[in-house]
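Go by the hints and put chains B, C and D with the ligands onto chain A.
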Amino acid sequence: MPIAREDALNWIKACGKVLAENRDYLTQLDAAIGDADHGANMDRGFKAVLNKMPEISDKDIGTIFKTVGMTLISTVGGAGGPLYGTFFLQAGMKTAGKMELTLSDWYTVLDAALSGVVMRGKAELGDKTMVDALTPARDALKAALENHTSLPTALEQSAEAAREGMEGTIPMVARKGRASYLGERSAGHQDPGATSSYLILKAAADTWSACT
Amino acid sequence: MPIAREDALNWIKACGKVLAENRDYLTQLDAAIGDADHGANMDRGFKAVLNKMPEISDKDIGTIFKTVGMTLISTVGGAGGPLYGTFFLQAGMKTAGKMELTLSDWYTVLDAALSGVVMRGKAELGDKTMVDALTPARDALKAALENHTSLPTALEQSAEAAREGMEGTIPMVARKGRASYLGERSAGHQDPGATSSYLILKAAADTWSACT
Amino acid sequence: MKKLINQAADVVREELEGIAVAHPDLVKVHYDPSFVYRADAPIKGKVAVISGGGSGHEPMHGGFVGLGMLDAACPGAVFTSPTPDQMLEATKKVDGGAGVLHIVKNYTGDIMNFEMAADLARGDGIEVEAVVIDDDVAVKDSLYTAGRRGVGTTVLAEKICGAAAEQRRSLKEVADLCRKVNGWGRSMGMALTSCTVPHVGKPTFDLPEDEMEIGIGIHGEPGRMRMKVKPADEIVEMLMEPIITDIPYKPGEEVLLFVNSMGGTPQIELYIVYRKAYEIATKKGLKVVRNLIGPYITSLEMAGTSITMLKMDEDLKKLWDAPVKTPGLRWGI
Amino acid sequence: MKKLINQAADVVREELEGIAVAHPDLVKVHYDPSFVYRADAPIKGKVAVISGGGSGHEPMHGGFVGLGMLDAACPGAVFTSPTPDQMLEATKKVDGGAGVLHIVKNYTGDIMNFEMAADLARGDGIEVEAVVIDDDVAVKDSLYTAGRRGVGTTVLAEKICGAAAEQRRSLKEVADLCRKVNGWGRSMGMALTSCTVPHVGKPTFDLPEDEMEIGIGIHGEPGRMRMKVKPADEIVEMLMEPIITDIPYKPGEEVLLFVNSMGGTPQIELYIVYRKAYEIATKKGLKVVRNLIGPYITSLEMAGTSITMLKMDEDLKKLWDAPVKTPGLRWGI
Ligand SMILES: Nc1ncnc2c1ncn2[C@@H]1O[C@H](COP(=O)(O)OP(=O)(O)O)[C@@H](O)[C@H]1O
Ligand SMILES: Nc1ncnc2c1ncn2[C@@H]1O[C@H](COP(=O)(O)OP(=O)(O)O)[C@@H](O)[C@H]1O
Ligand SMILES: [Mg+2]
Ligand SMILES: [Mg+2]
Ligand SMILES: [Mg+2]
Ligand SMILES: [Mg+2]
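Note that the protein sequences, when read in sequence, are chains A, B, C and D. Here this note's numbering is used: position 206 in the first sequence is 206, and no number is missing along the way. To convert, count from 1 in the second sequence and add 1000; that's this note's numbering. To convert, count from 1 in the third sequence and add 2000; that's this note's numbering. To convert, count from 1 in the fourth sequence and add 3000; that's this note's numbering.
Keep in mind the hints are simulated off the structure, nothing from the lab. Please note that the accuracy of each hint is not assured.
Subject to a maximum C-alpha distance of 25 angstroms in a straight line, what follows is the list of computed DSS-like cross-link-like pairs (lysine-lysine) [to be verified]:
id, chain 1, residue 1, chain 2, residue 2
1, B, Lys1013, B, Lys1059
2, C, Lys2202, D, Lys3228
3, B, Lys1047, D, Lys3318
So that you can see chain A by itself, here it is in the shape it has in the complex (with noise of 0.2 angstroms):
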C-alpha cells in the first residue's frame, strides 16, 4: 500500500518523539555555533503539534501537512519555526485533498517542502544549513524514482543521504544563520538544524518502511 492517511499521522507522530528524545542533543549542537535553543523549540512545536492531533486524525494529508505547519509557525520562533512552518505548508500544498501518496507524490513533496525552505531562507548549499540535508535527500529520492527503486528503500536512501548531508555540515563555515556570526570558528560542528532534518526525513523512512 501507498503511504495512507494513518501512517503520515504516524509520521508527525514519530517526528514528535525523535524531536523530544534528541531535544538535548539539538540543544548542545545549538549551543556549539548557535544559541542552545533548537532542541527546545522543535519539542514546543511538535508537542503543540501532538496536541492537535486529534482534530485533524479524519482530515486528508493535506489538511494534516498544512496544520503541522501553522501549528509550527505559531509556536517554535527562531529560525527553526519560519523554516519547518514553510516545510509543512508546501508539503500541505502538494497534497491537498490526497488521500494517500507514492513514491513519485513524496518526491514531490519533498521538492516543494525543501523550495519552500529555500526561498525563505535563501540558504544556498554548502552555507551550513538544513539545506544542506534536504538537498540531498530529495535528490536521492529523485535518483531512486528514476531507477524504479522500491519505496522502502528509496526513503532509506533518502535519509542516508541526509545523514551524508548532515554530516557534510561539520567542517563547513556557516555562512546563514547564527552559527556564520562565528566565521572560522563554526567549522568543525555539526549543524543543529540539518540535524533535525535529518531526525524527521529518518523518522519517515522508519514510519513507512512497510508502505509500498
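Frame of chain A, contents of chains B, C and D with the ligands only:
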C-alpha cells in the same frame, strides 16, 4: 635602657611589617565572619603610617603615637580605622612629650588605649572583638608590674595573654561588629581584630626584647 | 544552574505577570499570544513603534514600552525570536491608524518571523514598515552571509524613533530615521562568563577562569575569538577600535556613548569601562555629548560589556532628550 | 577572579573618574579625600543630605547624588566604610547654611567614622544630624549586639529625605522624616553566589552549586543560614514572612515594594520575584502603591535578591513621586 623614641618607631615599623605579612591571613579570617577586608584595611593604614615616618622620626613618643592614630583614622576606614586610631591617639595622649617609656608607662599607655577602644566601640569582654585580646594583655602587664617582672618578660607575658585572648574568641558567639550578624554561625572562627591586636602586641615584645 | 525562577518553562510567563502587576500605569500584558503594550494604546494618529525578540535581554524590549518609546514588544522564549502571530496581534492592538514600524534585529529568525507578521498585518489593511538593525562590528558584513547582528543600537533606535512618533512624524519619516540611526550606530561586545539558558540548565559555553570571549552577541553564542582575560583598559581598546575605525565617525563629530552590562557585570565596573571608552573617543577627536550606562540589552546573567557609539546631530539630540516614561528608561517626565 | 578592572587598588578611583566624565551636568568628584557631590552644591538655605559607605554597592551612594536626592556621597574602599575626613570634607562642601543630615547605615565602622566626622563638623560650626538606618530583619535586634544592618531602606530614605530637603524642610524635620522611614521600612536578602572583593581575588564564601545563603547583608558576608536552593516562589516567601510579621504593617495599609538585585541577578528574575512578593503582600491585605525594581543596593556581582517594604502615607507618596535627577534614579524631570 627603657623603651626609647627609636624603639617606639621600630615598633611601628614592625607593626607595618607584620600586618603586611599577615594581610591575607587577616582577610581570610574576616571573610569567614565578616567582609574580607580587615587585612587590606590594616595594611593600607600602616603603609600610610610608614610613609609618614620621615616626618616624625625626630619627634617625641606622644607625637609619634598621635600621628599614627590620625593616619589610621584617615586611611583605614571600617571598624578597624576608628578603633586602632583611637588606640594610638589615647596612647599619644599618655606619652605627650615623652622621650622614653618604662614598664609602668607602657602599662598606662595600654590601659588608656584599651579604654579608648572600649569607649568608642562599647564592646565588652566576650563580645568576640579585639577587646578580648587587649584586655588580658593589659591585665598581664598589671600583674607583671605588681610582681616586679622585667620589661621583656612582662611584654612577653602580655603578648602571650593577648594570644590566649585571641584564641579564646574562637568559640564565642559575636555580639559586636560585623560577625554579630551571623549569630550562632560566628562561633568556631577566630576574630580578625583580636588577631591583629595580638600581632601588634607581639611586635612590641619582639621589638623591645632588649629594653629594660 | 542557580536562578531565581520556578520552572524553566514558566520563566517568560511569570516575568510578564510580574511586569503586569509592577507597571499597570505604563503597560498592559496580553497573553496567548503574548506581548506587552502601552496602557493607553492605540494612540490615534500616532505611528506605533513595536519591537520584539527572544527573552533574556531585559529590559529590552518589554521594559521599553511606554510614552516616548515602544508601543508594544513581543517576547519570544528565552533567546528565541517571537512567532508571527505575536507580532501580528501586537501590531493590530497598537495601530492608531498612522501605521506601524517594526524594529527588527538582524537575526534570521527575527527577520523571517517579522516578515510573515508584516505580510499578514498588511493583509489586514495596516500599513507596516520594517527596519532591520545590524550594528555589530564583531561580525563581518557580507552579502553572502546573514550579515551583522543587531545589538546595542536597537535600544537607541527604539528611544529615538519612539520620540519621533510622539511628535507625530509620519511612518515614512520614522522609518527613515530608524535607518539613519542604524547607519550611524556601531557596537561590539565581550563576555567574561557564559550565561545559562533556563531550559538547558548549564552554561552555553565553558570559559576557563582566565579567559574571555571577544565579539559576542546577545544570545550566549561564543564570540569571534577567545583569549586570556586582560585589564579593562585593554579590553575597552579592543572593543572601541573596530567601532571607531568603521564608518561613520570623523573627528569633531558628536556621539552618544553607550556602555552596556551583559547582565552580570555590576555598575562599578561599567564606570571603569566608560572612563576608558570616553578617553579613547575624546582622543580621537569625538565629542561625547550624550551617554547611557547600565544593563539595557543583556544576555541573562552573563558577565561582560558591550559598547555602542551613535553619531549624533541636532535632531537626534532633541529626540534623545525628549521625555520617556517606561519601566526601563525614564526621564523628562 | 574575572572583572572588568585594571588594578584592584585602582577600582574605586577609576570608577570615580568614570562617574566624573559621565555625569558632569549632575555631579562633581573630589579626590583626596574622595567624595561625589552635586554639581550645583552648596544650595543656599537647603538642608544637605549626605551619605557614604563602602564601595561595591553601586549605584548606592554615588549614583544617588543629584537634584532631589543626595548632596554628596563618600565612597570607602570596597566594603569598607569611608574615613571621617571624607565625610567631614563632603559636609563642609555641601552645607548651604541649613545644616547637614548624615544618613548612616548601621555598621560599627560606619557609625564610628561618621560620628567622628559629625563631631569635627560641629566643631567647625556646621549643624549636623545623623540618622542610622537599621532595617534588616535577618538580624535579631538586641541592645547587646551591633543591632540590625542598614540595607534597602537606605535607598528609599535617601530619595524621600532628598525630596523633603528640596522642599526646604528644616534639618530637624528631614532628620525626623528619616527616622520615620527607617521605622517603617523592613528588608531581607539572600544570595545564590558569593561576590569577589577585588583585592582578595577569590569569592568571600564558597557556595555549592545547589545551595544558597538566606539573610545576607550587602558586604558578601555569609547569611543567617545556608540551605538547598529552592524555587523562586519559596525563596520569596522566606524573605517576605519575616518582613511582614515584623512591625509595622497592618491590613489595609499602603506600602512601597522594592525588589533589589544584589548585582548579578538579571531583571528577568527580578520580575519573577516581584510577582510573588506582590502576591504575598496583596494576600496579606497590603496595598502596593509604589515600587522599585532593579539593582540599587548591590554587593558587587553577587547573584541574589533583597526585598524591602516601606509603609507609606500621603507625605511619603508625594516625596517619593517628587522629581529626582541622579545618575542612578531619575523621574519627573
Ligand atoms: N537562512 C537559513 N536557511 C535555512 N536554514 C537556516 C537558515 N538559518 C538558519 N537555518 C537553520 O536553522 C537552524 C537553527 O534553528 P534554531 O536554533 O531553531 O533558530 P535560531 O537560530 O533562531 O536560534 C540552523 O542550525 C540552520 O540549520
Ligand atoms: N564594637 C567593637 N568594639 C571593638 N572592636 C570591634 C568592634 N566592632 C568590631 N570590632 C573589631 O573590628 C574587627 C573588624 O575590623 P574591620 O574588618 O577592619 O572592619 P569592618 O568590620 O568594618 O569591616 C573585628 O574583628 C573586631 O575585632
Ligand atoms: Mg538556535
Ligand atoms: Mg571587615
Ligand atoms: Mg534562537
Ligand atoms: Mg569592612
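Evaluated hints:
no. : hint                  : result
1   : B/Lys1013 / B/Lys1059 : 15 angstroms, holds
2   : C/Lys2202 / D/Lys3228 : 18 angstroms, holds
3   : B/Lys1047 / D/Lys3318 : 49 angstroms, violated
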